[in-house]
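Start from chain Z and add chain C according to the hints.
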Amino acid sequence: MKLLAELGAWALGALAAIGRLAIFTAETVSHLLRPPYYPREFGQALIQIGWFSLPVVGLTAIFTGGALALQIFAGGARFNAEAVVPQIVAIGMVRELGPVLVGLMIAARVTSSIAAEIATMKVTEQIDALVTLSTNPMKYLTLPRVLAATLAMPVLVGVGDIIGIFGGFLVGVERLGFNAQVYLQNTVDFLETRDIVSSLVKGAVFGFIAALLGCYYGMRSGRGAMGVGRATKGSVVAAAVLILAANFLLTEAFFSA
Amino acid sequence: MIELTGVMKAFGSNEVLRGVDLTVPKGESMVVIGGSGTGKSVLLKCVLGLIAPDAGTIRIGGRDVSGAAHAAFLDHFGMLFQGGALFDSLPVWQNVAFRLLRGSLKRPKAEARAVALDKLRRVGLGADVADLHPAELSGGMQKRVGLARAIATDPEIIFFDEPTTGLDPIMAGVINDLIREIVVEMGATAITITHDMASVRAIADDVAMLHRGKVRWCGPISEMDASPDPYLDQFIHGRADEPIETLR
Numbered sequence: 001m002k003l004l005a006e007l008g009a010w011a012l013g014a015l016a017a018i019g020r021l022a023i024f025t026a027e028t029v030s031h032l033l034r035p036p037y038y039p040r041e042f043g044q045a046l047i048q049i050g051w052f053s054l055p056v057v058g059l060t061a062i063f064t065g066g067a068l069a070l071q072i073f074a075g076g077a078r079f080n081a082e083a084v085v086p087q088i089v090a091i092g093m094v095r096e097l098g099p100v101l102v103g104l105m106i107a108a109r110v111t112s113s114i115a116a117e118i119a120t121m122k123v124t125e126q127i128d129a130l131v132t133l134s135t136n137p138m139k140y141l142t143l144p145r146v147l148a149a150t151l152a153m154p155v156l157v158g159v160g161d162i163i164g165i166f167g168g169f170l171v172g173v174e175r176l177g178f179n180a181q182v183y184l185q186n187t188v189d190f191l192e193t194r195d196i197v198s199s200l201v202k203g204a205v206f207g208f209i210a211a212l213l214g215c216y217y218g219m220r221s222g223r224g225a226m227g228v229g230r231a232t233k234g235s236v237v238a239a240a241v242l243i244l245a246a247n248f249l250l251t252e253a254f255f256s257a
Numbered sequence: 001m002i003e004l005t006g007v008m009k010a011f012g013s014n015e016v017l018r019g020v021d022l023t024v025p026k027g028e029s030m031v032v033i034g035g036s037g038t039g040k041s042v043l044l045k046c047v048l049g050l051i052a053p054d055a056g057t058i059r060i061g062g063r064d065v066s067g068a069a070h071a072a073f074l075d076h077f078g079m080l081f082q083g084g085a086l087f088d089s090l091p092v093w094q095n096v097a098f099r100l101l102r103g104s105l106k107r108p109k110a111e112a113r114a115v116a117l118d119k120l121r122r123v124g125l126g127a128d129v130a131d132l133h134p135a136e137l138s139g140g141m142q143k144r145v146g147l148a149r150a151i152a153t154d155p156e157i158i159f160f161d162e163p164t165t166g167l168d169p170i171m172a173g174v175i176n177d178l179i180r181e182i183v184v185e186m187g188a189t190a191i192t193i194t195h196d197m198a199s200v201r202a203i204a205d206d207v208a209m210l211h212r213g214k215v216r217w218c219g220p221i222s223e224m225d226a227s228p229d230p231y232l233d234q235f236i237h238g239r240a241d242e243p244i245e246t247l248r
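Same order as they appear, the protein sequences are chains Z and C. For the first sequence, our numbering gives the first residue as 1, with consecutive numbering after it. For the second sequence, our numbering gives the first residue as 1, with consecutive numbering after it.
Just chain Z, same shape as in the assembly:
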């Protein structure tokens, strides 16, 4: 009986959390249609999320692309399929590794930063101060960040895809002995429009999730340093899990047929 009661309480708690997040999401999106807007805050968020994430995205992608090329070459050698390295690197980076790794890096860098910043603002009464200054915190803090992440992430994923393929190209040509021109030609010939579109759509969805969860956990932070720490940790874990779940659903939607 006690186990059932605990399970029931856990299920109710989970449903309530889903409901709160759904309401928060709907409220955020609804502010897209209701002025005032804060373009300065949006611009700053775009620079923070988009521009300053480029180094970490680039480094992650180039090493992943290079490692992928080595793995495919070694694995392909077991059945004389070493020549497929350019194609598999391209499809692997664009369809999966590019969006997912960039999404996870953004969850680590941006979600944590947003959650910590907003949670600190909450703990120090800056959110209350915004309200008393006739400024809706959802419009001023949440919408600019979520919008900026949703728009910046496809660009970051695109850059990550290109750099990842370049990483594979470098390893393929310099280490594995591929002809540079043939490698590039195979990459271009093998990629389809659907691969690129799916990559960019995944980027937008992951960016939305990453920023939204940072804002959500920040706004719901508890008191004190422990509250800020919990909000930050919770936001990164939730964003990472939701990004991976969304990735599965989007892959199913784009490529299941």
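To be clear, the hints were calculated from the coordinates, so they are not data collected in a lab. All clues given are correct.
Here's a subset of chain Z near chain C, in silico, CB distances under 7 Å, partners left out:
no.: 1; residue: Thr-124
no.: 2; residue: Glu-125
no.: 3; residue: Gln-126
no.: 4; residue: Asp-128
no.: 5; residue: Ala-129
no.: 6; residue: Thr-132
no.: 7; residue: Leu-133
no.: 8; residue: Ser-134
EDC-like mimics (lysine to aspartate or glutamate), calculated; alpha carbons at most 20 Å apart, straight line:
no.: 9; chain 1: C; residue 1: Lys-45; chain 2: Z; residue 2: Asp-128
no.: 10; chain 1: C; residue 1: Lys-109; chain 2: Z; residue 2: Glu-41
no.: 11; chain 1: C; residue 1: Lys-26; chain 2: C; residue 2: Asp-205
no.: 12; chain 1: C; residue 1: Lys-45; chain 2: Z; residue 2: Glu-125
no.: 13; chain 1: C; residue 1: Lys-106; chain 2: C; residue 2: Asp-75
no.: 14; chain 1: C; residue 1: Lys-106; chain 2: Z; residue 2: Glu-41
This one's a predicted model, so the numbers in the text were calculated from it and none came from an experiment. All C-beta atoms, glycine included, are put in the ideal place defined by N, C-alpha and C.
Showing chain C alone in chain Z's frame:
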């Protein structure tokens, strides 16, 4: 005039406000005193609309300010927060002119900056601090900047939440004097919550003592010391003996 009638608020089983009745006449300075955890901050947040009361009414200028009227109320309102609540990412002058740079009260940037510098001067700060960030200021200076922000749009109602907490006695005296001067000069209706009896004597026209979620005593500052109420007497003299329970 601010009127609270039967305001109640509970968090779970913890009944913080148990039917608060309080009237602050227009242009008067009301100071709410009471021990820690008696609901002073919750009361202020209820008036501000940051927390919805479970029961009771809050009327400002004769109008219920819940719902759509709340935004209009905030346009004529200023608040000094306990910790300043300055925005770290903005320089001092943009903190002060926050309202004048966006929203319905938006003005050209140069004009907003001029107002900010004027308000900073009013609280005793020079133009040299205008471009600093809040983290570069001392606690006393942050309070002054918070005060300048609270009065930036010449509000009709101002709230002060523990205005002297964390300040040395000299700086606390300076902030108390500033608050009194500003309230008198602007003719604003003010509510201050504090534990600091020096603040009470410097700022208040009227005093209300909150105890166990209700107004225990309310009256003019001139009658406070002569009040026979044992709870008030204990509080203003800071004694640890009864009737107010203390943990030792």
